[in-house]
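Undergrad: These are the residues of each chain, in order.
2 protein chains.
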Amino acid sequence: MNVSNVADRIRELIEDSTNDLLAEELDSYHEADLADLFNYLKPEERLVCFKLLNYDKAADLIEYLTPQLQVELLGELDEEIASKIITKLPHDAAADVLGDMEDDESETYLDKLPEKFSQEVRELLTYNEDTAGGIMNPSVLTVSIDMTVKEVLSTIRTKAEKDNTELYYIYAVDKQNHLLGVVSLRKLLTSPTTKLVSDIMIRDIVKLHVDDFSDYIVDVFLKYQYNALPVVDLYNRLKGMITWDDVHDLFEEETTEEIYQSSGISTEIVDEDEILSGNVMNAVIARLPWLFITLIGEFLAVNVANCFNATLSALPIIAIFMPLLAGLGGNIGTQSITLMVRGFSTGQVTLNSALYHILREMVIGLLIGLVFGALVTLTTWGWQHNVELGIIVGIAMAINMTMATVIGTFTPFALKTFNIDPAVASGPIIATAIDVIGLAIYFTLVSVFLINHAI
Amino acid sequence: MNVSNVADRIRELIEDSTNDLLAEELDSYHEADLADLFNYLKPEERLVCFKLLNYDKAADLIEYLTPQLQVELLGELDEEIASKIITKLPHDAAADVLGDMEDDESETYLDKLPEKFSQEVRELLTYNEDTAGGIMNPSVLTVSIDMTVKEVLSTIRTKAEKDNTELYYIYAVDKQNHLLGVVSLRKLLTSPTTKLVSDIMIRDIVKLHVDDFSDYIVDVFLKYQYNALPVVDLYNRLKGMITWDDVHDLFEEETTEEIYQSSGISTEIVDEDEILSGNVMNAVIARLPWLFITLIGEFLAVNVANCFNATLSALPIIAIFMPLLAGLGGNIGTQSITLMVRGFSTGQVTLNSALYHILREMVIGLLIGLVFGALVTLTTWGWQHNVELGIIVGIAMAINMTMATVIGTFTPFALKTFNIDPAVASGPIIATAIDVIGLAIYFTLVSVFLINHAI
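Respectively, the protein sequence lines represent chains C and S.
Under the numbering used here, the first residue of the first sequence is numbered 1, with each subsequent residue one higher.
Under the numbering used here, the first residue of the second sequence is numbered 1, with each subsequent residue one higher.
Derived by calculation from the structure, the hints in this document are not laboratory data.
One should not assume that every hint holds.
The list treats identical chains as interchangeable, and a pair is accepted whether it falls inside one copy or across any two copies.
[Stated by the list, open to error] Keeping only pairs whose Cα atoms sit at most 30 Å apart, straight-line, the calculated DSS-like set for lysine-lysine is: (1) Lys187 x Lys57; (2) Lys150 x Lys416; (3) Lys88 x Lys223; (4) Lys416 x Lys42; (5) Lys42 x Lys175.
Taking the hints into account, I'd like the entire structure generated from these sequences.
TA: Right, dumping it as structure tokens:
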């Protein structure tokens with residue numbers, strides 16, 4: 001779908017006030033496409049369109065919209081109508097929408113919702129929104145273990161339709177709602193209708209606990225690759241289920257955090273949503289900590305350079321190669337960190353393989369360092385007509401790049417050993433370390449071989 | 001599961017040669033846990049364990065293993081046994097396993113597989129493995145539109161069981177296998193048994209084409225959030241389906257590529273799998289191109305510095321602040337790039353919002369730059385007892401950081417406008433640009449205000 005073309009047509013329909021045509025056109029789009037369109041339209045245009053949708057379509061669309069747009073659109077509607085749309089949402093989506101509103105606003109809606117619905121949503125709102133309890137949908141289809149396949153199928157026909165339950169697995173529970181077994185729809189549909197649930201259910205259940213945090217939930221889903229997992233409380237009582245589309249959103253958030261952290265943008269203090277847009281001060285706060293650590297580190301580098309003040313005064317030309325050495329050391333070191341940090345998060349790198357990776361990266365650093373050292377030597381020689389300077393810069397380059405890969409590989413392993421998240425701390429620390437050590441090596445080489453030699 | 005504890009117990013069982021106990025123990029684990037365990041064990045231990053699994057469990061496990069381990073384990077088995085395990089795999093998994101083998105090796109297995117199975121796998125192997133055709137599972141349950149719900153349910157009971165078909169949606173096709181409609185299992189189970197497929201099927205079908213590439217497939221799944229999508233050929237004939245667990249793997253690969261590219265590790269020339277381990281030369285090739293571009297860029301920076309050779313000779317102390325300016329400019333600029341590049345891939349940043357983001361980042365850069373500039377001025381003043389030098393370095397710092405955020409935000413937008421992937425090109429280019437421009441500003445400030453003033 002070309003959003004801007006569709007938006008142009010929709011705008012024309014709005015201007016012409018041909019509401020019937022517009023309503024028909026909007027109804028013909030998939031809600032995911034409508035969400036794209038709504039992101040593109042201006043607020044007043046969105047509202048006109050939203051009011052033309054029937055309640056079911058409006059509820060479907062709400063699930064695909066960003067929290068900001070959800071609150072914006074529902075807030076503009078008559079409260080009665082908004083409540084009706086919210087009632088059409090799955091419980092977990094309703095809780096998400098209401099959780100994003102101001103407290104008094106969400107109270108207004110909760111009071112207007114059907115009592116059972118409102119009660120279940122209220123319970124969801126008591127859970128931390130980053131835990132399984134806050135993410136799960138409490139509306140789950142349960143059966144008892146002594147039902148036959150035939151009975152289960154007839155239960156589905158009546159209960160699932162009425163409760164708008166998502167269907168992936170059927171959960172077998174006892175009278176107190178303790179989770180006893182899981183039956184996949186596939187198993188249900190391919191088993192003889194006279195079989196009992198207890199005959200076809202799986203008893204070794206992969207499940208989540210209401211207090212499990214989102215990063216753990218993502219890991220479990222990625223590992224076991226189920227479509228949905230049951231969520232239980234401390235006493236194994238079934239509280240709800242989490243489906244893969246919830247996890248996709250979590251997974252995307254986790255990835256964003258991982259990428260942000262790799263460039264020293266903290267997602268611990270400020271929520272990841274508020275860094276890219278919104279209040280500027282939030283963005284400043286998220287970005288300051290690691291910049292400040294870099295500042296301190298770079299003052300160390302300045303100090304190291306200052307120790308070689310005499311060298312610099314004797315041969316000022318050496319200063320011009322500082323950015324070259326720091327830049328390439330920083331780049332290749334960052335590559336090594338990136339590979340290790342990503343490897344940890346996909347599971348391809350473990351603490352056991354530390355030595356292998358450190359040695360492997362060292363070889364890579366040395367190979368590339370020798371090539372680049374030679375290039376730098378030749379270029380400097382040809383350009384400054386100073387073969388000795390060229391050789392020193394070239395050697396410094398080779399040492400610098402090798403050292404950068406080793407530090408870049410070693411640091412994530414060291415942090416991981418002490419249970420510090422390598423994604424958080426590696427980047428800025430290493431860029432500075434490479435500046436400090438790289439410059440010390442370079443100036444030492446110059447002092448020993450060029451200055452003494454010249455004097 | 002604590003893998004190392006389990007592995008210790010398994011090793012003891014292997015040493016004691018208590019094969020019955022070991023087989024029972026292994027059979028009690030979920031195949032995802034077995035995969036973790038197999039990753040942890042030594043090759044010879046893995047093989048002992050693998051041989052003790054029954055064919056079904058072995059096939060389940062194979063699906064969770066890395067391509068390297070799949071080939072390793074099957075290669076060690078008797079060909080007859082390996083073929084039997086491969087026959088138990090879904091067609092797409094079998095094609096993946098055989099596609100990772102040497103051609104003559106996979107031919108041996110293909111010849112030993114049942115003819116229909118082997119033929120379907122051969123067809124899968126003709127598709128590019130990064131396209132929907134290479135990813136899909138051809139085994140799909142199809143029905144005709146004039147069947148009743150009751151007939152469909154009985155078809156499922158017989159056909160799905162036999163063919164080991166995954167069940168998410170039922171696809172309605174005509175005699176020539178053209179895709180006409182989709183029925184979800186939920187809809188099927190909640191509809192009256194006398195209804196016709198044509199009454200309950202969805203006709204506006206979200207589908208994939210056999211030639212669609214993996215990045216597009218990931219986008220479609222993320223947008224529409226379906227569990228499975230049908231794959232059709234040019235003439236809308238149903239060829240297979242792709243399920244969300246296939247997409248999870250693709251999504252993880254895409255994320256890895258995005259993260260690698262952000263630090264200048266190319267995944268265009270060398271496959272992303274081969275960068276972290278395997279042949280060292282592949283890793284060197286993946287990392288060289290951007291390092292080389294950085295090298296050229298940094299020589300530009302060296303050249304800029306060289307233009308101010310007279311300034312450096314007159315006041316060598318200014319050289320020691322070079323890493324400080326370059327380091328912090330580079331860091332804050334990288335933060336801006338990271339935010340924009342990630343924003344493009346999640347859809348939170350679009351070309352329309354360029355001006356907003358550039359201005360917003362400029363404000364952030366200016367705020368942080370002023371704070372850091374002040375800090376640097378005070379520190380330098382207190383340390384070098386030179387208030388003028390302190391002020392110049394502080395001003396250079398503020399300008400440098402502001403400029404870094406602007407360049408870091410502008411460049412991804414500019415690249416995107418020309419349809420160049422900003423993830424690929426931004427990082428190394430900008431680090432260099434900031435070095436070049438930042439140093440030019442600093443040296444100019446020094447020349448104008450310090451040197452002329454001093455002279």
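Undergrad: Does each hint fit the structure? Answer for all of them.
TA: Hints and how they fare:
{"no.": "1", "hint": "Lys187 x Lys57", "verdict": "between (32 Å within a copy, 17 Å between copies)"}
{"no.": "2", "hint": "Lys150 x Lys416", "verdict": "neither (53 Å within a copy, 57 Å between copies)"}
{"no.": "3", "hint": "Lys88 x Lys223", "verdict": "between (33 Å within a copy, 21 Å between copies)"}
{"no.": "4", "hint": "Lys416 x Lys42", "verdict": "between (47 Å within a copy, 23 Å between copies)"}
{"no.": "5", "hint": "Lys42 x Lys175", "verdict": "neither (52 Å within a copy, 47 Å between copies)"}
Of the hints listed earlier, those the structure fails to meet are numbers 2, 5, in rising order.
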